[in-house]
Amino acid sequence: MRPFKYTRATDVAAAAKTVSTNREAAFLAGGTNLLDLMKEGVAKPSELVDISGLAFSKIRSSGNVISIGSTAKNSDTANHALIRRNFPMLSQAILAGASAQIRNMATNGGNLMQRTRCTYFYDVNMPCNKREPGSGCGAMEGINKGHAIFGWSDKCIATNPSDMSVALMALDAVVKVSGADKKQRSIAFADFHRLPGDTPEKDNTLEPGEMITSIDIPMSSAGMAANSYYLKVRDRASYAFALVSVAAAFEIKGGSVAKARVALGSVSHKPWRCDQAEKLLTGKSLKDLNDASLRAAVDAELMDAKPLEHNGYKVELARRAMVLAFKRALKSEVVA
Amino acid sequence: MSDNFPELVDELTADEAELLEEVLSDLGESRRKFIGQSSTAVLGAVVLQFLAKRTALAGEEMAEFVPLGDEQAVKVSFRVNDAAKSVSVDSRMTLLDALREKLALTGTKKGCDHGQCGACTVMMDGRRVLSCLTLTAQCEGRSVTTIEGVAKGDVLHPMQTAFIKHDGFQCGFCTPGQICSAIGLMHEARNGELSYVSKDMRKTAASITLSDEEIRERMSGNLCRCGAYPNIVAAIREVHTGKATDPMAVIFDMSKEGSDATV
Amino acid sequence: MSEEKTVKNRKNKFIGENVNRIDGIFKVTGTARFATDWPVANVAYAVIAKAATAAGTISGIDSAAAEKAPGVIGVITHKNAPKLTPAGNLSGGSVLQDAKIEFFGQHSAVVVAETFEQAQAAAEMIKFTYAKAEARVNFDELIKTAQKSPSPARADVVRGDFEKAYSAAEHKLDAVYETPIEHHQPMEPHSTIAMWEGDNLTIYNPSQVVMGMRGAMATVFGLKPEQVRVITPHIGGGFGAKGGAWGNTALAAMAAKVVKRPVKLALTRQQMVNSVGLRQKNVQRMRLGADATGKLAAIAHETSTHTGTTSQFVEGCGDVSAMTYAVPNSLISYKTTAMNVISPTFVRGPGKAPGSFALECAIDELAYSLKMDPIEFRLKNEPDKDPANGRPWSSRSVVECLRRGSEMFGWKNRKMEPRQVRNGEFLVGSGVAVGSYPARQQGTSAIAKLTRKGTDVEATVELAASDLGTGTHTILAQIAAETLDLPISRISVKIGDSSLPPAAGSVGSVGAASFSNAVSEVCLQCISELQARSPKSSGPSDPVPVNVAELMSEANLTEFQTRVDARPPAQAGQYSSHSFNANFAEVWVNEQTGMIRVNRMVAVTGAGRILNPKTTRSQILGGCIWGIGMALHEESILDPRWGNFVTRTFADYHIPVNLDIGTIDVAFVAEEDKIVNKLGVKGVGEVGIVGVAAAVANAVFNATGKRIRKLPITPDKLM
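So the protein lines, in turn, are chains E, Z and S.
Under the working numbering, the residue at position 2 of the first sequence is numbered 2, and the numbers go up by one with no gaps.
Under the working numbering, the residue at position 150 of the second sequence is numbered 150, and the numbers go up by one with no gaps.
Under the working numbering, the residue at position 280 of the third sequence is numbered 280, and the numbers go up by one with no gaps.
Just so you know, the hints here were simulated from the structure itself, not pulled from any lab data.
Just so it is clear, CB atoms sit at the ideal spot from N, CA and C, and this is done for glycine as well.
Be aware that a few hints might be false.
The calculated DSS-like cross-link candidates involving lysine-lysine, where the alpha carbons are at most 30 Å apart (straight line), are [claimed, not checked]:
id : chain 1 : residue 1 : chain 2 : residue 2
1  : Z       : Lys199    : E       : Lys287
2  : E       : Lys202    : S       : Lys127
3  : E       : Lys58     : Z       : Lys199
4  : E       : Lys155    : S       : Lys717
5  : E       : Lys306    : S       : Lys717
6  : S       : Lys127    : E       : Lys39
7  : E       : Lys253    : Z       : Lys199
8  : Z       : Lys199    : E       : Lys259
9  : S       : Lys83     : S       : Lys50
10 : E       : Lys284    : Z       : Lys199
11 : S       : Lys614    : Z       : Lys243
Per the computed footprint, the stretches of chain Z lying under chain S, defined by three or more beta-carbons under 8 Å from a beta-carbon of chain S, are [claimed, not checked]:
id : stretch
12 : 99 to 107
13 : 169 to 179
Here chain E is said to cover these stretches of chain S; the calculated rule only asks that three of the stretch's residues, wherever they fall, bring their Cβ under 8 Å from a Cβ of chain E [unchecked claim]:
id : stretch
14 : 113 to 125
15 : 221 to 228
16 : 651 to 659
Using the sequences plus the hints, can you model the full thing?
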């Protein structure tokens, strides 16, 4: 690890300015991913600006949104009464990630900033366009069991590892950010993470120096609280990244699906919103929800999947996992 | 076997301290003075008095300053096992390395140094965290408890006693992290906090009693390669529920259906 | 004098009791010192830099930046490294003796600095250039041209006429089972503090074989063994990886010599995959033939595997097929191909663990095709003597293990046809498998020292044994206390130090038998020597009751010590001695996600006299959990293009976590074996894992109807 300057930020604008002027500077919050990457030699900041002391750790109700502070800890967020009551699927997703210790350290903003777990990205001896643009993709012709089946490019086939983000995608969250010139803006969750395209080094649409201040979830998504589920499939029972994960949430009104929100994790460079499946499920009468109709919605979504050499299983796994997540979300509402 | 143990004393004599130094540095001759099957608490008291003394002494020393140029040195004031510490450290130094290499608290272990094994678990302001992914610089104003500080006063923490009783370890390398994690888990349960295997996220309770399945999930951030997991669960269950169990009991009851796999 | 009788008449009874670990207090308070926990003044920190290519030579090293980096006090490469005498695992370029590269991640430089951070940063600055050679790293290609193993230990073993019997058999199985490369990954990475005083080297270094480590360091540095001291009272797990000496220990000592200061060197977790050995990938073709009644007629166990390029180590997967069942016609063979990987070595249950996966799955498959219960099938083929060598068993308890386990598990409720039991989303299935591991005692010396103050006697037993979590400290204290008839609190156990009397290693399940017999003998010898000296005693023929305090007092002694050089009993070689087990697993398979939970296991073991059921049970639990990891999780994957492991970390190389493990019930069957050694101790470190993976895989078949012959059984394989 190269030497770096460590400063504790007391002021948002000053912190943002430091990071926007020094391209080698980085924000430090929980540090659970950044320090890991620094020890691997993947991240080499010359300066760390510790933003964990900034006043973004509140979780509160604000008008028609629940606002989740960016420096609030993952564990505090998952256990917060407002989140449990209104967005239990978000609690589940957060709790599906990492370990209790890491959730006690990791922040919400940091969770969204997590970088891929692609082993070629992590090993500095391997080629990786994300880590070192132009060096090639080690995974493309390599061991790509854990890689993307949607939205990959010839430059990068990595997946986003965040569980929390998959739930936030399905909950129509909005990411609030603050920039160097104190400029604030809102980014729809679907626009926050990006596909790799020709610039896989960029995971998201933040500008240099921009800092996440909060993640806002509309209260309109709370209508799905009773019928939502986050399912994570992995190679061991806990403390492992997903092979495939599913966030499934439904609002049931008058015996039919008024709203359906579905997102997949670990299948793409970003959390994968399943518009096709949502469309086919919305408006369906509960009486018509059965294995066949759920399966049809899923199949429509997975038609465009493009598996690689070692991850063909993900298509079938996603198919089954989605149907299972739908059933768990819908519970007794549906006769399977 | 209590007659085999020395009288407990409030203060250790110089001889006893020397003896204990030997105990702690080696499984040498002196252990016999203190070891017994049934009285770990008694042993613990003596060891812990000694540890407290040693820790207090260490607290008076300012840790060594590493000359790297002003830019990279960070001054940090924090508490470790209830003793105030002021150190100047390389900005790169993790809490784990500061504990081990600067503060002579080698109980906390480096199993992977990347947040993937839990051996370095300590408590920060009462919550379990990983010291390998914490920069010392981030500890300003915080209070850290390591395995050396788990047993305050003159007896072992019940979790330590339960780990011995239930043989919750073999090699012992992951054990400090397991115990710190288990104590953190108990706090979390008392706060009614959830895990991924909790049945209903929406149901809130002030305090919850954990099933074995809940304990397993909540301890899954602590790897044990020797495979002491069932014993670790038994130790935690005993402390958590307050119900003593027989460590050698055959657990599976054929009259009941198997436990509930949840994932 | 009857030794049996002497020990039976003790007031202090500890042998066979559930004594808590005597070192437990240190382990729960963080005061047990592992290698890098020792306080050593003026210590410098070393970090290894590794090669990033799998074959060829290092053609250039740019270490200028590293040498100038803050705090750096030494950069050692093959260009300036002291010349050593490498042997064994220390050969093959691992100690910087030349430019040749044998595998990806070979040690290529050591940086020593004032702090760990400085050493680590400087190590990253070293730039290597390579003259690359074609690397032998693609297993699937290389295995096609594998040749008969040149190792004499892996020559063909032929019994009867396999081909003839197989072709004539009514029921046949021909299947290939595959196990991946696995790594030991003990929780304590290999780490060392090395220091020199003149030409004398002291290392704090986790070593399963204390005297072996001393010998290896003496050889590599050209020293007399007495010039090396190895200190290792606690070992943070080993499982074979800390059995031999690897380059990292020698490099720590070398660095300490170069910088003339004590040096601390710990491998990173990522470096563990190419520093301290591995379990090789095994492709095992099994052919079994049986008659209509289920009597086995023929068995062939043909293993194709790889070695490193610098060693011929091959684990004996076929051993299980030579001795588990009574089969008149058998063939055991090995084909190998050299690969540019760190040398394969012993890993828990060496040979037997992967071998039993193949054999015990094959047995299950054949039983199923015969529509026979797999336990009945095994009982039908139970051998009355060791088929491998014709020797009588010193004791054998496979049948007992199966019967007892069957009752505990409720095997009678198991359905023979798969997919019959469902619980919600889960398919439930049960499987069984047996295992064994040789029981041996090795020569071990021990000293007992008695000190008397009035009527109070304290005893210390000393031997260069080791405790890697197995419970050595505790069982030796139990034996000494009971034999000398003293409270256990009066016993000290000094082990893990090469300055003590030479002892066997904690490897291959020889530790407990070797150490405990030596301690028993030295304590008995203490008594008889004291009796001989005591004027009141009528001599050694009058041993009961024992009162060492009285004996010492009568002989007017306040100090007494004696030593034995214990040897295995002569008759042991005429028998076949093994520990045995039967493993039962119930798995729950999520039919949709393919995630598998071993919801409960029953493991029944016959291992002679159990010195401490509590710690022994823990070892069996560990074996079961290793077996579950082998069955469901563990896999080290090489990139076939470059020879690097893509599974470098605990995030990529999955070992079981707490939630992966359900209920495990452990039981021991009584085995009184007077032949294997005087105490009748067999050892359990290895046997616990043997057969477990097969029991799990067989249960997965019973649950799902899918026969997965390639480990680990991950969800993708059930799609």
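Against the structure, the hints come out as follows:
The suggested pairing of Z/Lys199 with E/Lys287 holds, with an alpha-carbon distance near 26 Å, which does not exceed 30 Å. Note on E/Lys202 and S/Lys127: the hinted pairing holds, with a Cα-Cα distance of about 28 Å set against a maximum of 30 Å. A distance of roughly 26 Å separates the Cα atoms of E/Lys58 and Z/Lys199; the hinted pair therefore holds under the 30 Å criterion. Distance check on the hinted pair: E/Lys155 and S/Lys717 sit about 28 Å apart at the alpha-carbon level, within 30 Å; holds.
Under the criterion of a C-alpha separation no larger than 30 Å, the hint pairing E/Lys306 with S/Lys717 is consistent with the structure, at around 19 Å. Taking the CA atoms of S/Lys127 and E/Lys39, the gap is about 18 Å. The hint holds against a cut of 30 Å. Annotation: proposed proximity of E/Lys253 to Z/Lys199 holds, straight-line Cα distance about 24 Å (limit 30 Å). As the CA atoms of Z/Lys199 and E/Lys259 are separated by approximately 24 Å, the hinted pair is consistent with the 30 Å bound.
With a C-alpha separation of about 19 Å, the suggested pair S/Lys83 and S/Lys50 falls inside the 30 Å cut-off, and the hint holds. Distance restraint check for E/Lys284 and Z/Lys199: the Cα-Cα separation of roughly 27 Å lies within the 30 Å cut-off, and the hinted pair is therefore satisfied. With a C-alpha separation of about 20 Å, the suggested pair S/Lys614 and Z/Lys243 falls inside the 30 Å cut-off, and the hint holds. With a threshold of 8 Å between beta carbons, the proposed coverage of the stretch 99 to 107 of chain Z by chain S holds, since 6 of its residues qualify and at least three are required.
With a cut-off of 8 Å between beta carbons, the stretch 169 to 179 of chain Z has 9 residues touching chain S; three or more are needed, and the interface restraint holds. Remark: the stretch 113 to 125 of chain S is confirmed as covered by chain E, as 4 of its residues place a Cβ nearer than 8 Å to a Cβ of that chain, reaching the required three. With a cut-off of 8 Å between beta carbons, the stretch 221 to 228 of chain S has 0 residues touching chain E; three or more are needed, and the interface restraint is violated. Coverage of the stretch 651 to 659 of chain S by chain E holds in this model, with 7 residues showing a Cβ closer than 8 Å to a Cβ of that chain against a need of three.
Going through the hint list in order, the structure does not satisfy hint 15, though it satisfies all others.
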